[in-house]
Amino acid sequence: MTPIKQHPPGSAGLQGFTRREAEVVAMLAQGLAAEGIAERLGIARGSAKWYLRQVFPKLGVHSHQDAVARARQLHDPANTTDGASNPNASPAHLPQPPNPLIGRAQELAQLLEWLGSSGGLLTITGAAGCGKTRLALAVATEISRRPGSQVFWVDLTATTDPALVDSAIAAALDVKVSSGHISVPALAESLNAAPTLLVLDNCEHLAAACTSVGVFLLAACPLLSVLATSRAALGGSGSRCLRLEPLAVPPPASAAAAAPADIAGVASVALFAERARAADTSFGLSSHNASAVARICRTLDGLPLALELAAARMKILTADQLAERLEDALSLLTRNQPAAARRHATLRRALDWSFDLLPPAQQALLARLSVFSGGWELDDAEHVCPGGVLSDGDILDALSDLVDHSLVVVESRTDGSRRFRLLEVVRQYADEQLRISGGRSRFRARHAEHFAAVARQAAQELNGRWERVWMQRLDRNRGNFREALAWGLASTEGAALGASAAGSLAQFWQMRGEFKEGLGWHLRYLSRSQDLSVGDTAELLDSSGFLAVHAGQVNQARQYWQQAIEKFTSVNDDAGVGRQLNYLAHITMEADPQEAAALASRGVELERAAGDDWWVSACLFAQGDAAFLQPDLEGAAKCHQESLAIARRLGNQFAIARRCVRLSQLSRIGGDFDRSRRYLAESWATARAAGDDWGLTMALAAYGSLAAAVGDLEASAMLLGATQARLENYGARLWTVDRKEYSHTSRMVRAQMGNEAFEAIASRGAASADHPEHLVAAVEKAATPSSLPDGTDDAGRPLTRREVEVLGHLASGASNQDIAAALGLSIRTVERHIANLYLKLGVSGPAARTAAAHFAFRHGLATGLVPAGRKPLPKP
Amino acid sequence: MNTEQNKAVVRRFFTAFEEQDYGALQDILSPELRAYVHGDAEPAGRDELIEVIRGWNTAFSNTRFTVEDQVAEGDLVACRVTMTAVHSGGEFQGIAPAGLPVSSQSLTLERVVDGRITERRVVTNWAEVLQQLTPAAAGTSAAR
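Top line first, the protein sequences correspond to chains R and X. Residue 134 in this note's numbering sits at position 134 of the first sequence, and the numbers go up by one each step. Residue 10 in this note's numbering sits at position 10 of the second sequence, and the numbers go up by one each step.
One chain only, chain R, in its complex shape:
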């Protein structure tokens, strides 16, 4: 399937870019630098630079020179003919029409009329090669030009499992998933924002699933119309069906002695002439060739694809020669069959004829290309297809020939890449040829190896600055990954390869919210564990747990990880065990921080012994968070400091950013606001530079708490609002420590400001969710905390761990007696701690206790951090 999205007006034409960013890219393409861009857009030079900083990581470049090159690629005139500066003018996210639509004016008008009058579920049916997709594309292009309407294009050829139709649609819509599952209601929600046309292309093999999803969506979305293309009609009451016939052909009489003027207006002739001109620019309909052209069109039944294949040969053959050869090739066809069967036979003969004319290398390549599903890029073909008559260096030439002969379709994509594809009917034909030649097994295996390697590389790069580029590559190759995974299951020798590919793709599925698909493949491979090594199975359990936990199936995840521990233990893979302990610590943290700390600290030991620094750092982070929650703030600081030191040594920017957030939080709670601010500033800058959106969100939440701590409630509310908006955008929840702190701060700020004021300011913050820099800058510049008094020696001094504990209980409304009982101290000791607390906080008088409680809330120190009456979960 192709995730091609027609953005509603007002949003960007380039995927993932805001409108302004897209404008900046367009100017980069013209070679402008910051000054020029600022001038053209009428903005400050600093702003232009700021936009450039936003755009560079999105383009995946570091230098201005690279950015210009990349922007030019994106604005290749071959891609976006309507001009770069106005990305909304062209429906750049629909597949590009390969050639003009000929002879379908009536059908186009009919469909547009249906769409205009009642919408609903429309289907274009007709034999393969009739031009169903081309007509649907014309409708989509027309609709997308209407102001305020949006069009989504879903190509279903690479979706074979009926259960995944909704995933394919979600991918095209770029629906963010919150619950961990794609649901049809979630799709409905995003389809109802504006008048929408959803095109489901190539539905015939999924008719029932497409009908039911279509009917459901239509019932839920009054503004939606669905247009499907299928060889057979879809069911469903109230649906309308346009049966697409082949193009009209000249009458038999005129074939004998046709005059150009008589036949030029006949649709099949017009199409043939247009395609013939593409092959031979000097071609024109004349009295010499009119009869032959009429014969060709009749012989080919007016089938557009057959006409196109034939016309591609006009480079070499004359119309007479072509007519003769086609008549020979198609002469054996019986003419008394049902229309559908006859058209099918005609197309097959035309394909046979076209295939037979190819030299052996091209024949071999076409057959082998059938192993790709949903298209390929040159590099993919060069990896998968060579062998025998086709050497590595031949691929490019042979591929060009196949393109020239209209057997392969070229797509230029908005990201500058070229992609190739076989029309489904051609792919089916090529697959037959490959089976006949006996090479299918070998080339499917090669295809699977290649895409397993792509998945493996992607897994290493998905957390870095090339994330966007890799996600796009993975998105484009969904069909190919499915093929590779299916091959691994079907063949005995492919199980290990497929299992490792499934593991490599886990994060991709998670990021796309495609848990049904991801867990489905994992389960199928787990059922093949007899054919896998113990280590491979353990890895598979590891990534199964990863998917399950993100899908919200925490208990299932726990089981997978516990099983993984058994497997890793049995092969003495301590590092593997340590990783599972790290995961288990994270999911145990909320309910039982002590148990989580124990798990994580065992993980630290194992990873230290195994010498795997990265996982030592990860386990230390988990241990630090568990300590934070107990709360053991000194222990937490120790863990996070060491974890940060390792992350710095390894140069892992994401890890540095996140660990700095923790140390900032801990400094703030200890009362050291300057240090807290310094850590956060480092985190923010690091995450920005590395393109770490999650790290930025964590830092933003922490800035919210810091702002509250220094008494800037308004800034805090804005930051909290921005954080919340980002989380909703991802459909994610903050990690336990951040979440607890977030809810404490927001409860406190809300209480002090009043609900209405808080909501109003938070929603202003939410509006800056994508560009919260000015919110952060305000906190960074803020003066000495207004809420903390100065003057006394003790004021502002960090609280001891015990004092923090006492303060937490005090803030939750406990009496001194309660506190003494809870902490196992004498009342006198508690009183002494409280007196010290008051001194350090600079509060006194009758309201001292309330003021101290306020301070605790403000700094996330209220004991609510650890829920009362918790039930420890079963130990692993």
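Hint data in this document are derived by calculation from the structure and do not stem from the laboratory. Careful, some of the hints might be misleading.
To give a feel for the contact side, a few chain R residues facing chain X, derived at Cβ under 8 Å [unchecked claim]:
#, residue
1, 160
2, 163
3, 425
4, 428
5, 435
6, 437
7, 486
8, 490
9, 491
Simulated crosslink set (EDC-like; lysine to aspartate or glutamate; CA at most 20 Å straight-line) [claimed, not checked]:
#, chain 1, residue 1, chain 2, residue 2
10, R, 315, R, 356
11, R, 781, R, 714
12, R, 516, X, 68
13, R, 516, X, 69
14, R, 781, R, 682
15, R, 740, R, 728
Derived Cβ-Cβ restraints for the label pairs, each shown as a range [said to hold, decoys possible]:
#, chain 1, residue 1, chain 2, residue 2, range
16, X, 91, R, 534, 48 to 56 Å
17, X, 39, R, 265, 49 to 57 Å
18, X, 73, R, 645, 55 to 63 Å
For every residue, glycine included, the Cβ atom is placed at its ideal position computed from N, Cα and C.
Fit chain X to the given chain R structure using the hints.
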């Protein structure tokens, strides 16, 4: 032979069917094969079954089996299989090919002895498959 090996033999049968590898089918199917397929009262022998597969591959292309579930006990292997194919090559039960895709669901039970399939029983939803082959039947329901 253990049950895992028996399961692999049955998977190889489906692959050989897909690949039209009749040599491999000769190896996988026992000469003593008794195949009870599609409700036929009399079991088919090995050569007969291979002829049936040849016939299928003439009428249909792009045949693809997905083994959804597979369990084994003793010398028996049971599978739930989804098959997809395209009716593109020749007449099937009196229906001329029109390039329509078909899919079927089958439950199969194979007995594997010494690495070869000696018995095969298959239940398939044939009525639905035949329905998918006629474009007219598929088309009428959607007329407005």
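Here is how each hint holds up against the structure:
1. Annotation: residue 160 of chain R was flagged as interfacial toward chain X, and the flag holds, the nearest CB pair being 7 Å apart, inside 8 Å.
2. Interface hint at residue 163 of chain R: violated, since its Cβ lies 11 Å from the closest Cβ of chain X, which is beyond the 8 Å cut-off.
3. For residue 425 of chain R, the suggested interface contact is upheld, since its CB lies about 7 Å from the closest CB of chain X, less than 8 Å.
4. Annotation: residue 428 of chain R was flagged as interfacial toward chain X, and the flag holds, the nearest CB pair being 5 Å apart, inside 8 Å.
5. Look at residue 435 of chain R: its Cβ gets to within about 5 Å of chain X, closer than 8 Å, so that hint holds up.
6. Hint on residue 437 of chain R is violated. Least Cβ distance to chain X is approximately 11 Å, over the 8 Å limit.
7. The interface hint given for residue 486 of chain R holds, since its Cβ lies 7 Å from the closest Cβ of chain X, which is under the 8 Å cut-off.
8. Interface hint status for residue 490 of chain R: upheld, as the beta-carbon distance to the closest one in chain X is roughly 6 Å, under 8 Å.
9. Satisfaction of the interface hint for residue 491 of chain R is found here, the shortest Cβ-Cβ separation to chain X being roughly 7 Å, below the 8 Å cut-off.
10. Restraint check for residue 315 of chain R and residue 356 of chain R: the C-alpha separation of about 17 Å stays at or below 20 Å, so the hint holds.
11. Using a Cα cut-off of 20 Å, the hinted pair residue 781 of chain R and residue 714 of chain R holds, with the two alpha carbons roughly 15 Å apart.
12. Between residue 516 of chain R and residue 68 of chain X, the direct Cα distance comes to roughly 15 Å. Compliance with the 20 Å bound is thereby established for this hinted pair.
13. For a cut-off of 20 Å, the pair hint linking residue 516 of chain R to residue 69 of chain X stands: about 17 Å separates their Cα positions.
14. Distance check on the hinted pair: residue 781 of chain R and residue 682 of chain R sit about 14 Å apart at the alpha-carbon level, within 20 Å; holds.
15. Proposed proximity of residue 740 of chain R and residue 728 of chain R is supported: the alpha carbons are some 17 Å apart, at most 20 Å.
16. For residue 91 of chain X paired with residue 534 of chain R, a C-beta distance near 52 Å keeps the hint of 48 to 56 Å intact.
17. Range check, residue 39 of chain X to residue 265 of chain R: about 56 Å between beta-carbon atoms, so the 49 to 57 Å window is met.
18. Residue 73 of chain X and residue 645 of chain R have their C-beta atoms about 56 Å apart, which keeps the hinted 55 to 63 Å range intact.
This entry does not satisfy hints 2 and 6, going by the numbered hints stated previously.
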